[in-house]
Amino acid sequence: MGDNSFGQLFSFTSFGESHGPAIGCVVDGVPPRLKLTEADIQPYMDRRKPGQSRFVTQRREADEVQILSGVFEGMTTGTPVALVIQNTDQRSKDYGDIAQQYRPGHADYTYDEKYGHRDYRGGGRSSARETAVRVAAGAIADLALKQALGPAYHIRGSVVQIGPHSIDRDKFDPDQIDKNPFFCGDAEAAASWEAYLDEVRKAGSSAGAVLEIVASGIPAGLGQPLYGKLDAELASAMMSINAAKGVEIGSGFALSALDGAVAGDEMRKGDDGTPVFLSNHNGGVLGGISSGQDVVVRVAIKPTSSILTPRRSLNSDGDEVEVTTKGRHDPCVGIRGVPVAEAMMAIVLLDQLMRNHAQTDILPDTR
Numbered sequence: 121m122g123d124n125s126f127g128q129l130f131s132f133t134s135f136g137e138s139h140g141p142a143i144g145c146v147v148d149g150v151p152p153r154l155k156l157t158e159a160d161i162q163p164y165m166d167r168r169k170p171g172q173s174r175f176v177t178q179r180r181e182a183d184e185v186q187i188l189s190g191v192f193e194g195m196t197t198g199t200p201v202a203l204v205i206q207n208t209d210q211r212s213k214d215y216g217d218i219a220q221q222y223r224p225g226h227a228d229y230t231y232d233e234k235y236g237h238r239d240y241r242g243g244g245r246s247s248a249r250e251t252a253v254r255v256a257a258g259a260i261a262d263l264a265l266k267q268a269l270g271p272a273y274h275i276r277g278s279v280v281q282i283g284p285h286s287i288d289r290d291k292f293d294p295d296q297i298d299k300n301p302f303f304c305g306d307a308e309a310a311a312s313w314e315a316y317l318d319e320v321r322k323a324g325s326s327a328g329a330v331l332e333i334v335a336s337g338i339p340a341g342l343g344q345p346l347y348g349k350l351d352a353e354l355a356s357a358m359m360s361i362n363a364a365k366g367v368e369i370g371s372g373f374a375l376s377a378l379d380g381a382v383a384g385d386e387m388r389k390g391d392d393g394t395p396v397f398l399s400n401h402n403g404g405v406l407g408g409i410s411s412g413q414d415v416v417v418r419v420a421i422k423p424t425s426s427i428l429t430p431r432r433s434l435n436s437d438g439d440e441v442e443v444t445t446k447g448r449h450d451p452c453v454g455i456r457g458v459p460v461a462e463a464m465m466a467i468v469l470l471d472q473l474m475r476n477h478a479q480t481d482i483l484p485d486t487r
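Final position of the sequence shown in this note's numbering is 487; the numbers increase by one with none missing.
Hints are not guaranteed to be accurate.
Simulated crosslink set (DSSO-like; lysine-lysine; CA at most 27 Å straight-line) [unchecked claim]:
# : residue 1 : residue 2
1 : K349      : K322
2 : K389      : K234
3 : K155      : K266
4 : K446      : K365
5 : K299      : K422
6 : K365      : K349
7 : K422      : K234
These are computed hints drawn from the structure, not numbers from a lab.
Put together the whole structure using the sequences plus the hints.
What follows is the structure in structure tokens.
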């Protein structure tokens, strides 16, 4: 199976399945002299790990990362950093009844068609379990970006919609994001989501979500026209996340309804002589290159495919069957998608920063 790697100068290659002994990744292109220990990565893992509320899967995994290489005396050496996470709470018997059945909306059918053999336990390679290693790789990227860009740099992810219920933008408070189980910046919306998801769970179904990831303190100039555009690579990164079905940058699809006089982000000269933008409809990216504004990405996450509600499908012999999925599944997989999307944002930004330095810092800027 190809395409298990992401990134160019800063890249990672992931391995492992949901119910295998372990998952992990090899991160290449890590800048040397970055202070790094398992303890530095763990806070990122703890934000994503399962079993922390009734609104996520009850599979219990510590998600403790072990660094196997690329770090000596607490500092990166510039060689590949290998990371491994042990799987400890697999319950493969839950999947025996659907070993030969195709769950509607899941990758069971397409994996079978492509490879002719698949690991059905927990979804195997297509499981969201794989995203744990993305968070580990993203932690390294985020730590490097913090050192490279300084205190102005920050990535903030949140859930802005669950099912049909959206936040009230006027009530959004970033300080609320880590105070509820939904990574929600609107306390009132978070309270209403609790009741909504309880009903969804009782009905044996699931709900989708919209995530919003905002990166601040990003310098202008990141992005490679035409085929390495920053927004294109961000979209690719987000669409690689399990259950992602849509991505928009800035105002996204709403831009098509705006008048041209409004859609363009006007500029004025700031007090220090640098440009000041009067709006950010383009999400901090113009012509595929960062403008210095906040980089804003939203990701649509579909409802979890593994649900208790019986649904019509086929088995591997082509017979019509009714599929009921047991096991421990996220009623809304988008919730734990927030730290995953943050990680993918950091990976893209560090890769683009390194590529920008490699090309544009060779000769002095004579402007």
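Here is what the structure says about each hint:
1. K349 - K322: The given pair, whose Cα atoms are some 44 Å apart, is violated under the 27 Å limit.
2. K389 - K234: Distance ~55 Å between K389 and K234 Cα, so the pair is violated.
3. K155 - K266: holds (12 Å)
4. K446 - K365: Between K446 and K365 the Cα gap is close to 24 Å, so the pair holds against 27 Å.
5. K299 - K422: Holds: K299 and K422 sit about 24 Å apart, inside 27 Å.
6. K365 - K349: holds (20 Å)
7. K422 - K234: Cα-Cα ~23 Å, so holds.
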